[in-house]
Amino acid sequence: EDQVTQSPEALRLQEGESSSLNCSYTVSGLRGLFWYRQDPGKGPEFLFTLYSAGEEKEKERLKATLTKKESFLHITAPKPEDSATYLCAVQADQTGANNLFFGTGTRLTVIP
Amino acid sequence: KAGVTQTPRYLIKTRGQQVTLSCSPISGHRSVSWYQQTPGQGLQFLFEYFSETQRNKGNFPGRFSGRQFSNSRSEMNVSTLELGDSALYLCASRPLTGAYEQYFGPGTRLTVT
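Note that the protein sequences, when read in sequence, are chains A and B.
Here the first sequence stands for residues -8 to 103, where the numbers follow the working numbering.
Here the second sequence stands for residues 1383 to 1495, where the numbers follow the working numbering.
Okay, chain A solo, but in the shape it has when bound (with noise of 0.2 Å):
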């Protein structure tokens, strides 16, 4: 069965202090990895896609990274915008299914 757990479920952070958020999957032939942000009350915002293992993608101060087993989203220098619900999912390479599983997340605040 297709898992994704993301750790830690929240996190707060001073302004400027670096950190990385975890995304753990077991799925059945991976299609892709998504990153998506979210703010309260709104639709989850695409951020990156990640295909094959070793594969890095970078905006602004975020970078994506995959490894066979986990996913990383490295901030660097974070600022108060920032902060969002980071939700991680996971696309499985079934013939018809297009559907994305979902992570719970993991809520970020940074602090000014």
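Hints are computed from structural coordinates only; laboratory data are not their basis.
If you want the footprint, here are the derived chain B segments under chain A, 3+ residues with CB under 8 Å: (1) 1419 to 1427; (2) 1431 to 1444; (3) 1482 to 1495.
Virtual Cβ for every residue (Gly too), placed ideally from N, Cα, C.
Let chain A serve as the given structure and place chain B on it in line with the hints.
For chain B alone, kept in the frame of chain A given last:
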């Protein structure tokens, strides 16, 4: 390019009633998926539509149904509402070719009393 739009944004219904939610995908996107988000279960897949056909369905009871129109707009319906159906219902669209990422709308917040 306009994003995914969902209507209504907020809805309050009574147990036993039914509800219809609407989603307009990003222009050019022909695949539409629906998800339910609750504090306890997180984001869970409901179903996906492409070319007016349901391609895949999650583990939800038959009270949850959907459809897609020829212009790719989609609706989902929940009949005989239960208190546990209170959730944020999210619609996502994706292009058919290339990357597999899905783009989400703002959601419809459904409260069942």
